[in-house]
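Trainee: Given the sequences, and given the hints that come with them, work out the whole structure.
What follows is the residue order along each chain.
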Amino acid sequence: MKISTKINILSILRWLILSAALIVVVIPLIYLVINSLKLPKEFLSVPPIIFPTEITFEHFDKAFSGKKTLRALVNSLLVSSITTIITVFFATLSAYGLARIGFNARILGLIIILFLLIRYYPRVTTVIPYFVIMKNLGLLDTIWAIIIGHLGITIPFVTWLMLVIINDLPKEIEESAMIEGASVRQRFIYIIVPITSPGIAASAILTAFLSWNEFLIASSVARRKASVLSMSVASYVTDKGILWGQMAAMSIIMILPMILFALFVQKYLIRGITLGAVKQ
Amino acid sequence: MKNKEWKSYSILISPTVIFVIFLQFYPLAYSFYISFQEWALTSSQIPQGFNYLKNYNDILNDSVFHRAVKNSLIITITSVFFQIVLGVILAYLTIGSTWTIRFIRTILILPMVIAPVAAGTLWRMLFNSRSGLINHLLIKVGIVGPEWLSDQTWAVISVIILDIWQATPFVLLVVVAGISSIPKDFQESASIDGASRFQTFLRIDLPILVPLLLIVFLFRFMDSLLNMDSVYSLTFGGPGYGTYTLTFYIYTLGLRNFNFGDASAASWIFMFFSIIFISLIFYLQKKYEN
Chain A
56 MKISTKINIL SILRWLILSA ALIVVVIPLI YLVINSLKLP KEFLSVPPII FPTEITFEHF
116 DKAFSGKKTL RALVNSLLVS SITTIITVFF ATLSAYGLAR IGFNARILGL IIILFLLIRY
176 YPRVTTVIPY FVIMKNLGLL DTIWAIIIGH LGITIPFVTW LMLVIINDLP KEIEESAMIE
236 GASVRQRFIY IIVPITSPGI AASAILTAFL SWNEFLIASS VARRKASVLS MSVASYVTDK
296 GILWGQMAAM SIIMILPMIL FALFVQKYLI RGITLGAVKQ
Chain B
250 MKNKEWKSYS ILISPTVIFV IFLQFYPLAY SFYISFQEWA LTSSQIPQGF NYLKNYNDIL
310 NDSVFHRAVK NSLIITITSV FFQIVLGVIL AYLTIGSTWT IRFIRTILIL PMVIAPVAAG
370 TLWRMLFNSR SGLINHLLIK VGIVGPEWLS DQTWAVISVI ILDIWQATPF VLLVVVAGIS
430 SIPKDFQESA SIDGASRFQT FLRIDLPILV PLLLIVFLFR FMDSLLNMDS VYSLTFGGPG
490 YGTYTLTFYI YTLGLRNFNF GDASAASWIF MFFSIIFISL IFYLQKKYEN
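Going line by line, the protein sequences match chains A and B.
The first sequence runs 56 to 335 under my numbering.
The second sequence runs 250 to 539 under my numbering.
These are calculated hints, taken from the structure and not from any lab test.
Being a predicted model, the structure only gives us computed values, none of them experimental.
There may be inaccurate statements among the hints.
[As the list claims (entries may be wrong)] Distance ranges between label pairs, derived from CB positions:
id, chain 1, residue 1, chain 2, residue 2, range
1, A, Ile314, B, Val459, 31 to 41 Å
2, A, Asp196, B, Val459, 19 to 29 Å
3, B, Thr349, A, Ile314, 38 to 48 Å
4, A, Asp196, B, Ser378, 35 to 45 Å
5, A, Lys280, B, Tyr537, 45 to 55 Å
6, B, Arg505, A, Ala237, 52 to 62 Å
7, B, Phe447, A, Ala237, 51 to 61 Å
8, A, Leu65, B, Val334, 12 to 22 Å
9, A, Phe106, B, Ser399, 18 to 28 Å
10, B, Thr347, A, Asp223, 25 to 35 Å
[To be verified] Residues from chain B shown here face chain A by an in silico Cβ test under 8 Å; the list is partial:
id, residue
11, Glu254
12, Thr265
13, Val269
14, Ile270
15, Thr355
16, Val362
17, Gly427
18, Ser430
19, Leu475
20, Thr496
21, Tyr500
22, Thr501
23, Ser516
24, Ile524
25, Phe531
Ideal Cβ positions, reconstructed from N, Cα and C, are used throughout, including at glycine.
Mentor: Laid out in structure tokens, this is it:
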């Protein structure tokens, strides 16, 4: 009797906390959607109008009326897909090489820590050198400047992730293929890639997210022509007289593809995020 | 045979080595070099010569730098503390694989996939003292909300709240993964021994979670410390220098004022302390594991 009331209270408490957490996560997102559909004058009314009396798509129309937003969208797609392809290709190959070249555990451990350091040192340190390098290469304000900047982060990061994954594989799985005389290339393509494909998928997804959401490097090496979505969203800050509706619409244009993508690839995304922390 | 394979492996490794040298080591060395140079892009296209430790001296005596260090530490320590506490609680509440629990977990991790710049604009709307949702709801329950983004103290709190909102899901995910990796029979044998749920947590879960939480702490502490995207779009460092974070300070100094020498010196001071901190956490983690 006493035990069951205790369990009941605990279970009620559990659902109360979870509901509160759900509300805190969901309400801001709904509010963003509502704001993107609100008439401009309703932002100024006192007391504030939370639920609009009528819905308008003018903020989205405005966003796409000039070429700017469309160009930023295309640039974002190009930057994140090119970065992802180059990263996954080279980083997976390199991780395989590093895992099999025969370094002893100590050196491999040092390499892993070096890659981790690259991920977590203050990235702003390299922003000025990137600016100067891109300027000297004549790449300033091109998507290649952003892609190269992103590769500097994503290649070490994915190499580290794939190295952790491949290092965990038992060496025996390649042995029989080796005895039959399979080359490094054949073993990589027919054994390693199929076994690690969930890890490769996770790496690709993480890279795409990182590149799509990145702002610091993009805004340092690009201005107008190569502007990406993160820069479009941030640009509303310095505007005088904030265009709330357009700001909300632009944020949705940037966020929505990633939320849908995240729901679709959730399993791999979570694997990628947790793997790095759980396995060292 | 062995030798030939060594060659193929080296070829596989070489692209990453080249990328790391050209996109990490070289820029870092270059940044270190210009941190000792007199160089403002507004007055010259090339560095103006060695000026010893003048840039470092300038930065260490700059009151805005002091403010940025203070802000960054307050924001990071407070928000990471809440992220870890909330993340662990929510992780324990969302253990399981029933349909509802999985659905709840899916919703709870959404803030993490949102770009920090967009999260900044989103919360800028919520915090708006006149038309924002938060003060509107506060008035409904009879509280007059603060001027969130135009008051120095409340602006810092706003940045902290945003950081907690965005990053708690990360802690949640990693802790759920960590708990799931604890063998079930450990917990079962403990419960047969008559240990309460809380005792099981203290004796079985916590020792396994501590090294994991140290790594989570490192990841979160550094990401929060380095954060500038959401500050950029939430407060743009304001009001005044009220929410200048270290990265935001260095970014504006370098890429808005184009004072390359000073900005590089500031980032190397930042770098120095970051490396000490990261090494300390690695050391603690290794020590705990042994």
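Trainee: It remains to establish, for every hint, whether it holds in the given structure.
Mentor: Comparing the hints with the structure gives:
1. A C-beta distance of roughly 33 Å is found between Ile314 of chain A and Val459 of chain B, which places it inside the suggested range of 31 to 41 Å.
2. At about 48 Å, the CB distance of Asp196 of chain A to Val459 of chain B disagrees with the hint of 19 to 29 Å.
3. In this structure the hint that Thr349 of chain B and Ile314 of chain A lie 38 to 48 Å apart at CB is violated, the actual value being about 20 Å.
4. Distance hint check: the CB atoms of Asp196 of chain A and Ser378 of chain B are about 37 Å apart, consistent with the given range 35 to 45 Å.
5. In this structure the hint that Lys280 of chain A and Tyr537 of chain B lie 45 to 55 Å apart at CB holds, the actual value being about 51 Å.
6. A C-beta distance of roughly 56 Å is found between Arg505 of chain B and Ala237 of chain A, which places it inside the suggested range of 52 to 62 Å.
7. For Phe447 of chain B and Ala237 of chain A, the hinted distance range of 51 to 61 Å is satisfied, since their beta carbons lie about 54 Å from each other.
8. Between Leu65 of chain A and Val334 of chain B the CB atoms are about 19 Å apart, so this pair conforms to the stated range of 12 to 22 Å.
9. Take Phe106 of chain A and Ser399 of chain B: their Cβ atoms lie about 26 Å apart, and the range 18 to 28 Å holds.
10. Remark: the range hint 25 to 35 Å for Thr347 of chain B to Asp223 of chain A is upheld by a beta-carbon distance near 30 Å.
11. Interface restraint check: Glu254 of chain B against chain A, minimum CB-CB distance 6 Å, threshold 8 Å, status holds.
12. Hint status for Thr265 of chain B: holds, given a least beta-carbon distance of 4 Å to chain A, under 8 Å.
13. This hint holds: Val269 of chain B has a C-beta 6 Å from the nearest C-beta of chain A, less than the 8 Å allowed.
14. Nearest Cβ of chain A to the Cβ of Ile270 of chain B: about 11 Å, over the 8 Å cut. The hint is violated.
15. Interface hint at Thr355 of chain B: satisfied, since its Cβ lies 6 Å from the closest Cβ of chain A, which is below the 8 Å cut-off.
16. At a threshold of 8 Å, the smallest CB-CB gap from Val362 of chain B to chain A is about 4 Å, leaving the interface hint in force.
17. The restraint placing Gly427 of chain B at the interface with chain A holds, with a minimum CB-CB distance near 6 Å, inside the 8 Å limit.
18. Of the supplied interface hints, the one on Ser430 of chain B holds, with its beta-carbon coming within about 7 Å of a beta-carbon of chain A, less than 8 Å.
19. For Leu475 of chain B, the suggested interface contact is upheld, since its CB lies about 6 Å from the closest CB of chain A, less than 8 Å.
20. At about 5 Å, the closest approach between the beta carbon of Thr496 of chain B and any beta carbon in chain A falls short of 8 Å, and the interface hint on this residue holds.
21. At its closest, the beta carbon of Tyr500 of chain B sits 6 Å from a beta carbon of chain A; the interface hint therefore holds under the 8 Å criterion.
22. Given the 8 Å rule on beta carbons, the hint for Thr501 of chain B is violated: about 10 Å separates it from the nearest Cβ of chain A.
23. For Ser516 of chain B, the interface hint holds, since its Cβ comes within 8 Å of a Cβ in chain A; the closest pair sits about 4 Å apart.
24. Because the smallest distance between the Cβ of Ile524 of chain B and any Cβ of chain A comes to about 7 Å, under 8 Å, the interface hint for this residue holds.
25. A hinted interface residue such as Phe531 of chain B counts as satisfied when its beta carbon comes closer than 8 Å to some beta carbon of chain A; here the least separation is about 7 Å, so the hint holds.
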